[in-house]
Amino acid sequence: MSAPLLSVSGLTKHFPLKGGLFGRSTGTVRAVDGITFDVAEGETLGIVGESGCGKSTTARLLVDLITPDSGSIRLGGKEIGPDLSVRDLRRQVQMVFQDSYASLNPRLTMEDAISFGPMVGGMAGNKAVALARDLLARVGLDPSRFAGRYPHELSGGQRQRVNIARALAFSPKIVVLDEAVSALDKSVEAQVLNLLADLKAELGLTYIFISHDLNVVRYMSDRVMVMYLGQVAEIGPVEALYAAPAHPYSQALLAAMPSMDPDRRTMEAPLAGDPPNPINPPSGCRFHTRCRLADTVCSKGDPGLYVMPEAGHLAACHIHVPGSGHRDATSRAGVTA
Amino acid sequence: MTAATLEAIAKVEKSPGYWSGVLRRIARDPVAMFALCVIVAMILMAIFAPWIAPADPYRGQMLRRLRPIGTAGFPLGTDELGRDMLTRLIYGARLSLTMGVTPVIIAFFIGSAIGITAGYVGGKLNSALMRTIDVFFAFPSVLLAIALSGALGAGIFNGLLSLTIVFIPPIARIAESVTTAVRKIEYVEAARASGASGFTIVRVHVLGNVIGPIFVYATGLISVSLILASGLSFLGLGVKPPEPEWGLMLNTLRNAIYVQPWVAALPGLMIFITSISFNLLSDGLRSAMDIKA
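So the sequences go chain by chain: A and B.
The letter at position 156 of the first sequence is residue 156 when you use my numbering, and the numbering goes up by one with no holes.
The letter at position 50 of the second sequence is residue 50 when you use my numbering, and the numbering goes up by one with no holes.
Since the hints were made in silico from the structure, they are not lab data.
No residue lacks a Cβ here, since even glycine has one placed at the ideal position from N, Cα and C.
Heads up, a few of these hints could be off.
Restricting the straight-line Cα-Cα distance to at most 30 Å, the calculated cross-link-like pairs of lysine-lysine (BS3-like) are [as the list claims (entries may be wrong)]:
1. B:K124 with A:K18
2. B:K184 with B:K14
3. A:K186 with B:K184
Footprint (simulated), chain B over chain A, 3 or more residues, beta carbon under 8 Å [to be verified]:
4. 81 to 91
5. 100 to 109
6. 112 to 120
7. 148 to 158
8. 209 to 216
Computed list of chain B residues with no C-beta within reach of chain A, every gap over 10 Å [unchecked claim]:
9. L36
10. Y58
11. P68
12. T98
13. V142
14. A154
15. N158
16. I165
17. G220
18. K240
19. P241
20. L280
21. R286
22. S287
Given these sequences and hints, build the entire structure.
Quick look at the structure:
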């Protein structure tokens, strides 16, 4: 892989829990706890995981809507903060939110909503409006019909197209799609996914595609990152990971996917219960409380990410680490990432 | 840019905006329209008082004191000093409306500014501002108005000032709660992600979405303000005699309640009509704005 476009290292965000009379801190939610990953230019990285695993927090950290507690984000080799201002980051990394209605100001017409960003960036009003109309046409909405409309006059799919147009108004390098199609009907979802694929090819975009829909992630992504309780459980090329998930959590997630084949229907829920509370995550490997392969070592040591045989495939499980102390640990010579 | 889009720029179907929709809906609301007519009539009456009023509001005739309604020459009777009631009620609209509306308008701007700032910035500034505002809620509004004008001294200006201070906290509180709600909506986050400054975000994305509820609430306060202003005058803390003002007139006529009850009740009736009109208009505005648009 050439030098990554986006390089995230040890990114951490803990939210303090305020309570009591004077807002004393009574604990922290470890929303994102030291995640590290790279995104190459032109690829799509899918991020999957259960609710509350830190997917959306990661997305918000990437566009600096919230400030990380520690860790670094490097964009094109430049670190955000020391080398690259947040303002420049926001031009290059844009985000599309899940709720297409809430992410559009109900008092602004579509062209005003799209042209707002460029105008803030110093573009002249009429140029920004022209750009907005051009972008509307790009995302498949006739500007003469939609430029003067308000959000409530549009359908969910149309609104999400406008949100995509708004994200594109800065000509960003990376678009973070946080459950961008999850709220849409299946047929509309397919249209928007195809639009996203077309735009990517046309504009050379890089996507970070966050979803809980494993089929959609498989369709869209080149690589997939599986998150569990604020940490990376596994990351790897989409086909390798879907064919042979290395982490027991990824295996459980993929086993929960509805099967199209009636002979291979899902017989039992592979995972029971809710994920543990991120305020007090389990010790060692965070998944050991729900893991079918858990051994004593799992509650003691954090496995860290280990390189799997396939290129670019990493998993955080003791079972793949020789000499980790796990009863089923492979004899394969593992390499620490 | 393609030729098709360039051509499209020339002709764009423009949807009617939110506020034109509100106007259209309120225009269809007969109750709100009636209330609005009453208010407009009151305002016109106040402005053109010297031309409408049949007599001099200050000149009394001791021989014609407390005449009943329907007396020849005095259609609404006379007050305790023999002044024409109709004339004084017409002139009274000037001070009463000023005292009722002005504090709310000033408090609307100051309270909104405080509340929107507290709501948008949040955190420690929010706590500091809102806890200070909370102190004022410890006192009933009537008591606070009386205490303030008592401390400042009687007079129109001090009355206006104390009423303004009374209305800033509730407006600020409403503004803060609506702004806090709007700030968390994703379009504000999207605006932040586009690198806009806090001031620009408030101007473009927050203001338009919070001003409606605050405005409705403030319109509802006008009736309270009218009654409080009248109350201050009634207690001798607002307008001083012989100025015609409905609250003050109610006070000076209270001794005559057994002699001419209908005449004595007239200023109260005026306060009632005006304040209920403002309330009805406020209700109409609320339902006209309460639509997903």
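Consistency of the hints with the structure:
{"no.": "1", "hint": "B:K124 with A:K18", "verdict": "holds (13 Å)"}
{"no.": "2", "hint": "B:K184 with B:K14", "verdict": "holds (29 Å)"}
{"no.": "3", "hint": "A:K186 with B:K184", "verdict": "holds (28 Å)"}
{"no.": "4", "hint": "81 to 91", "verdict": "holds (count 4)"}
{"no.": "5", "hint": "100 to 109", "verdict": "holds (count 8)"}
{"no.": "6", "hint": "112 to 120", "verdict": "holds (count 4)"}
{"no.": "7", "hint": "148 to 158", "verdict": "holds (count 5)"}
{"no.": "8", "hint": "209 to 216", "verdict": "violated (count 0)"}
{"no.": "9", "hint": "L36", "verdict": "holds (24 Å)"}
{"no.": "10", "hint": "Y58", "verdict": "holds (50 Å)"}
{"no.": "11", "hint": "P68", "verdict": "holds (56 Å)"}
{"no.": "12", "hint": "T98", "verdict": "holds (33 Å)"}
{"no.": "13", "hint": "V142", "verdict": "holds (32 Å)"}
{"no.": "14", "hint": "A154", "verdict": "holds (42 Å)"}
{"no.": "15", "hint": "N158", "verdict": "holds (38 Å)"}
{"no.": "16", "hint": "I165", "verdict": "holds (29 Å)"}
{"no.": "17", "hint": "G220", "verdict": "holds (22 Å)"}
{"no.": "18", "hint": "K240", "verdict": "holds (46 Å)"}
{"no.": "19", "hint": "P241", "verdict": "holds (49 Å)"}
{"no.": "20", "hint": "L280", "verdict": "holds (26 Å)"}
{"no.": "21", "hint": "R286", "verdict": "holds (17 Å)"}
{"no.": "22", "hint": "S287", "verdict": "holds (17 Å)"}
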